[in-house]
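Please arrange chain Y on chain W, whose structure you already have, making use of the hints.
From first to last, the protein sequence lines are chains W and Y.
Residue numbering for the first sequence follows full-length UniProt numbering, starting at 1 and increasing by one per position.
Residue numbering for the second sequence follows full-length UniProt numbering, starting at 1 and increasing by one per position.
Source of the hints: derived by calculation from the structure; they are not laboratory data.
A few of these clues could be false.
[Stated by the list, open to error] Derived DSSO-like pairs: lysine-lysine, alpha-carbon spacing no greater than 30 Å straight-line:
| hint | chain 1 | residue 1 | chain 2 | residue 2 |
| --- | --- | --- | --- | --- |
| 1 | Y | Lys-169 | Y | Lys-237 |
| 2 | Y | Lys-72 | W | Lys-181 |
| 3 | Y | Lys-6 | Y | Lys-218 |
| 4 | Y | Lys-72 | W | Lys-396 |
| 5 | Y | Lys-169 | Y | Lys-115 |
| 6 | W | Lys-227 | Y | Lys-86 |
| 7 | W | Lys-396 | Y | Lys-237 |
| 8 | Y | Lys-77 | W | Lys-232 |
[Claimed, not checked] If you want the footprint, here are the derived chain Y segments under chain W, 3+ residues with CB under 8 Å:
| hint | segment |
| --- | --- |
| 9 | 118-130 |
| 10 | 191-199 |
| 11 | 220-234 |
| 12 | 241-249 |
Glycine residues also receive a C-beta, built at the ideal position from the N, C-alpha and C atoms.
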Amino acid sequence: MSLSTAIAVGAGRLTHWGLHGVLRRNASQLPGRVALALDRNLIADLSHKLGRGAIVVCGTNGKTTTNNVLAAAIESCHQRVLCNRAGANMAAGVASALLPGSSADWAVIEADELSTVHILPGLRPRYMVLLNLFRDQLDRAGEIDHVQDTIAAALASSPNTVLVANGDDPLCMGVALRARKSGTRVLTFGIGEDLDLPADRVPEARFCQACGAELEYEYRAYAQMGKFSCPKCDFCRPQLDFCATGVRVTREGVEFDVVHDGKRSHISAGFGGVYMVYNLLAAFAAASLAGVGAGSFQGAIDDYNPRNGRLQHFVVDGREVILNLAKNPTGFNQNLSLLLADERPKALYFAINDNFNDGKDISWIWDVDFERLAGQAELTAICGGTRAGDVQVRMKYAGIEADIAPLVEGALAQAASLPKDRPLYVLTNYSALWPAKATLERVGVSND
Amino acid sequence: MTRHGKRSLRIAHLYPELLNLYGDSGNILVLRKRLEWRGIIPEVVEVHVDDRPSFADVDLVFIGGGSDREQKIVCDKLLAERAELKAFVEDGGALAAVCGGYQLLGESYLMGDEKVPGLSLVDLYTDRGDPRLISNIVVESRICEQPIVGYENHGGRTHLGPDVEPLGKVVYGHGNDGVSGFEGCLYHNVVGTYVHGPLFPKNPGVVDYLIARAMERKYGIDELEPLDDAVELSANKAMYDRLMAGEVEEQ
Chain W
1 MSLSTAIAVG
11 AGRLTHWGLH
21 GVLRRNASQL
31 PGRVALALDR
41 NLIADLSHKL
51 GRGAIVVCGT
61 NGKTTTNNVL
71 AAAIESCHQR
81 VLCNRAGANM
91 AAGVASALLP
101 GSSADWAVIE
111 ADELSTVHIL
121 PGLRPRYMVL
131 LNLFRDQLDR
141 AGEIDHVQDT
151 IAAALASSPN
161 TVLVANGDDP
171 LCMGVALRAR
181 KSGTRVLTFG
191 IGEDLDLPAD
201 RVPEARFCQA
211 CGAELEYEYR
221 AYAQMGKFSC
231 PKCDFCRPQL
241 DFCATGVRVT
251 REGVEFDVVH
261 DGKRSHISAG
271 FGGVYMVYNL
281 LAAFAAASLA
291 GVGAGSFQGA
301 IDDYNPRNGR
311 LQHFVVDGRE
321 VILNLAKNPT
331 GFNQNLSLLL
341 ADERPKALYF
351 AINDNFNDGK
361 DISWIWDVDF
371 ERLAGQAELT
381 AICGGTRAGD
391 VQVRMKYAGI
401 EADIAPLVEG
411 ALAQAASLPK
421 DRPLYVLTNY
431 SALWPAKATL
441 ERVGVSND
Chain Y
1 MTRHGKRSLR
11 IAHLYPELLN
21 LYGDSGNILV
31 LRKRLEWRGI
41 IPEVVEVHVD
51 DRPSFADVDL
61 VFIGGGSDRE
71 QKIVCDKLLA
81 ERAELKAFVE
91 DGGALAAVCG
101 GYQLLGESYL
111 MGDEKVPGLS
121 LVDLYTDRGD
131 PRLISNIVVE
141 SRICEQPIVG
151 YENHGGRTHL
161 GPDVEPLGKV
171 VYGHGNDGVS
181 GFEGCLYHNV
191 VGTYVHGPLF
201 PKNPGVVDYL
211 IARAMERKYG
221 IDELEPLDDA
231 VELSANKAMY
241 DRLMAGEVEE
251 Q
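Bound-form chain W, shown alone:
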């Protein structure tokens, strides 16, 4: 370690101690920011302490869950793992995660799509998992083309990184197409069968990434994920290296087999919908590349209880409350599928903020199929967040009468007059999640 790195690491650790040890504050960003300011090559310098290497998890939706399951699976094999568990996924958050200790076996790192270009050149991970790409935060991220170019450039800067990409997503395969040109090795995962699910909206990626013709699908799992092919050129869903079959998605969770190298492994989890099949499949692929056996992986899922506001269950005053993050149309539509699978009459609270980390532009709420809720009997809908008014207008045009309660406390108060057997679903975007979670933890009992 060079002197400047040593000083930077020392300063970062001191910041961490001050924030976390003394002030009891969140220390997921600032220590890395301080250390990066002192040593711009910090990520590269810190990566040398990793005995086995790094794995980066990237994609619009599901990064935190996939990354944390993967880290837990590798840890369960008695490996020392550094991980940005709280989801601080820009360069400063990654540097913070790499600061502790003098050595580790693996770093398992969630990376923001646009930050990959600041993370990969230094970290030089062995694998980068690309989960999916959806339209998200247009005001910050710009159009998807730009996000794809950025990830491809990041991969070009780290030529030995193997891309583990979602083969069912034409947009991920668009990145793979670009990355292969600069010599990146690509492995793919996906679902190898028709799940016979009702088709939802495909907001993007209807067109071939190579030639621009409209893509055709043999089947789709959700959004643009499926067995696609271009009628005019050879761009298509590839032969899958990690292929999920026997997929079952129910209210209770998901289960499936993964076929890899002729070997079949069974995976099951007590949470999530079809998107979770992809998250777990991606985590399994990366874990097995890192040498984790199927049994250890299943064990890690069984023990997985992140309490990070992702599908977290509470009981508040005798009522079931389900909290989940929903920050873009695809995530929201997947959430609507989950709650529609619950046949009980229910109350819904949708909280949308427009802070920086949410995206300032919330026009995407019009790409969510709220119309699917219109037929629900005895539905109570409540809108919240700084953009509660916008959500209320969206509800009105979906045929749903909704009230406004800026905070989750108000939604709980409204739900209090309903029969106790009606659950309250709380769906929020990013910055609305933490206050809702804190409130629910304070007034309710966690029930996972």
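Here is chain Y on its own, set in the frame of chain W:
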């Protein structure tokens, strides 16, 4: 085109599969509902990439925004329909164009450094500037009582010809070019604007203006049955108040 004596409006939604960047489907939904609530039948026709549409029996045209790549595909296709669209506009047809669609109305726009010919329906052109203009936006316009509230996100700078009226005055945000203090265009019954969010839901005055122009042209009626817009206007006002109070940080 009346069914059982009921009135109807035929709406051409151009290239929804390509021009749908900023919740534009919301504009069509709002248009459709506000017609239905007034007992006017909305006949929405989606025009797809390989269609050769006729605008002869169309009452209202909507063009949304897309990514650069998609916008280019659209423009190549649309140029073939230029004469039809021009006749429609000159005959007083109602047309709303948002973001990329707004740029398409002019003589030309820049894609990267390439100058791409537009539809030349309105005397305006678009070049580029740095930085991209990304912000919430409020515009005061003569076409509606309430301020128009929404979001803008454009690298293009749009310049209006001398005989083209702007949609309105920028009260918050950047507008056409970030310097003139004006936003959008009004020409005959064409409304072009960078305001999305989407445009119609929180700005019922804008959508009703277009509906009224179309009803006037088709049926000679420009008085629309009023609707209860409490929810829409309260969302509009909530955002207006936050912006004017400086409570919203922009990038």
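- Item | Unsatisfied constraints (hint numbers, rising) | Violated hints: 4, 6, 9; rest satisfied.
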